[in-house]
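These protein sequence lines map, in sequence, to chains A and B. According to the working numbering, the first sequence is numbered sequentially starting from 67. According to the working numbering, the second sequence is numbered sequentially starting from 1244.
Please note: incorrect hints may appear among the correct ones.
Unchecked claim - EDC-like cross-link-like pairs, simulated, lysine to aspartate or glutamate; straight-line CA separation at most 16 Å: (1) A:Lys243 x B:Asp1309; (2) B:Lys1359 x B:Asp1309; (3) B:Lys1414 x B:Asp1476; (4) B:Lys1438 x B:Glu1459; (5) B:Lys1455 x A:Glu244; (6) A:Lys279 x B:Glu1415; (7) A:Lys186 x A:Asp133; (8) B:Lys1359 x B:Asp1349; (9) B:Lys1299 x B:Asp1319; (10) B:Lys1414 x A:Glu278; (11) A:Lys186 x A:Glu175; (12) A:Lys186 x A:Asp146; (13) A:Lys167 x A:Asp178; (14) B:Lys1299 x B:Glu1287; (15) A:Lys243 x B:Glu1449.
To be verified - Only part of the chain B face toward chain A is listed, based on derived beta-carbon distances under 8 Å: (16) Met1285; (17) Cys1458; (18) Gly1488; (19) Ile1491.
To be verified - Covered stretches of chain A (in silico footprint by chain B; criterion: 3 or more residues with CB under 8 Å from a CB of chain B, positions within the stretch not fixed): (20) 244-251; (21) 289-301; (22) 306-316.
These are calculated hints, taken from the structure and not from any lab test. C-beta atoms are modelled at their ideal positions from N, C-alpha and C, and glycine is treated no differently.
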Amino acid sequence: MAAGANGFDGRVAWITGSGRGMGRAHALLMAARGADIVVHDVLKDEAGETADAVRKLGRRVFVAHTDVRDVAGLRQLVHDASAALGPIDILVNNAGIGQHKPIEEITEEDFDLMFGVHVKGAFFCTQAVVPGMQTRRRGKIVNISSIWAMTGAGLNTASHYCAAKTAILGLTKAWAKELASWNICVNAVSPGGVLTEMPIKIQGWDKIREKEKRVPLGRWAQPEEISYAVAFLASAEADFITGQQISPNGGETIVGI
Amino acid sequence: MGNLYGKVALITGSGDGMGRAHAVLMASRGADIVVNDLRGDMAEETARMVKAAGRKAHVAVCDVGDVTAIRRMVDDTVAALGHIDILVNNAGFGQRAQLLEITEQDFDRMFAVHVKGSFFCAQAVIPAMKQRRYGKIVNIASIWGMNGAPVASHYCAAKAALLGATKAWAKELAPWNIHVNAVAPGGVRSGGPLKLDKPEILRAKEERVPLKRYCEPVEISYAVAYLASPEADFVTGQVISPNGGEVIVGF
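Chain A on its own, in the form it takes in the complex (with noise of 0.2 Å):
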């Protein structure tokens, strides 16, 4: 293995709710180190500025605007994905939504949509892909999860949302082990805090300041730093790695045994 094994020369990173935020930077970055990209995203507009800028790196893009909870259309999406681009090499699980809310207000409605784009939408984008992996005996599954599947949130915060994500992170222990046999590799990225439009709309600066003064490192994440670690993980660097989580996260939770 050469000691430039980060590159993507070649490959095709299938990154679901890439058109913007996080998203995005992934898909920024791992264009940027070669690979071509699906760039998936119910929002049209967000998707097609994500797919321009990719193509602006020089990489190929397949743009696709569905909702990953539509299982029936995924299986479509991988085949006509891989017809234009060439096989799936990587699955970067990202699509995702913030809500904040106290128990009592979560509404049926509010729990269904939460485990159903976080939870389902990664089983069946996962189930979609694995079986060209399969045949391929070569894959990288990357579910992003987040620092609250590990510490829980606080007062009047998205208890959804958190078991949403350690609901991720059960499936990355599981995928595994179960998917080990055909050399795929499947890891975790819990976010702590990363400045992102979601949160800086719906927290306001002050209220980002205030917790950044709580992260040992006295701050919050930029997108790309988030980034990093999911290209490591997608990445021949980290053939030996699977099962495992990386959390850039500032200090604020410490993982391990």
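Assemble the complex: chain A is given as a structure, and chain B must be docked to it using the hints.
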């Protein structure tokens, strides 16, 4: 130009095996290397490989179990290469002994090299890292530090102690932007297992790993180099375990 360009990395126990692999990979990414080892001829060989990769090397032959020698090594290094940006606490050794066979001398040596050595290497490099408000410390633990083993409880406990130090230092040193993480290798085809296990036993062990193999030393180096790089500037207090799925780390 690699992402460690111009950095100075002290890698203890880099005279062979994984330590040498870390040294050569990090040199190929632009770092100058302090090659520390007890065995001078092997340290010199690693230094030659670092120079072949186009970087400077400083050889420091000393026992990390000797705290005075550590301090002298760090002073000499600063004079030779400049301030240390990256410390990889890699020096270590294995000893397959049962609880009842482990002597006080065995125990003391195990903890002196793995724990006390790492502790005082960190203590020696930290003041300058604090001053410059930048530093990376990577401690080499082991899956046996997380999972235990049916032998070598002194080794398992020493490696577990390193995980404890990692977590505490991450919190203590974060205000100075010093990042402390651990890499906990699973099965590696390096000196220890190749020497201690017969080939058929090694094969049987590989069969029990979900990915059905042990890894090459450089596969551990990739995780070390990632944590030592600016790409991991938001990562501290964490453990990466390249272990082929043998042990699942996390919550």
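Tell me the numbers of any earlier hints that the structure contravenes, in ascending order. Those not satisfied are hints 1, 12, 16.
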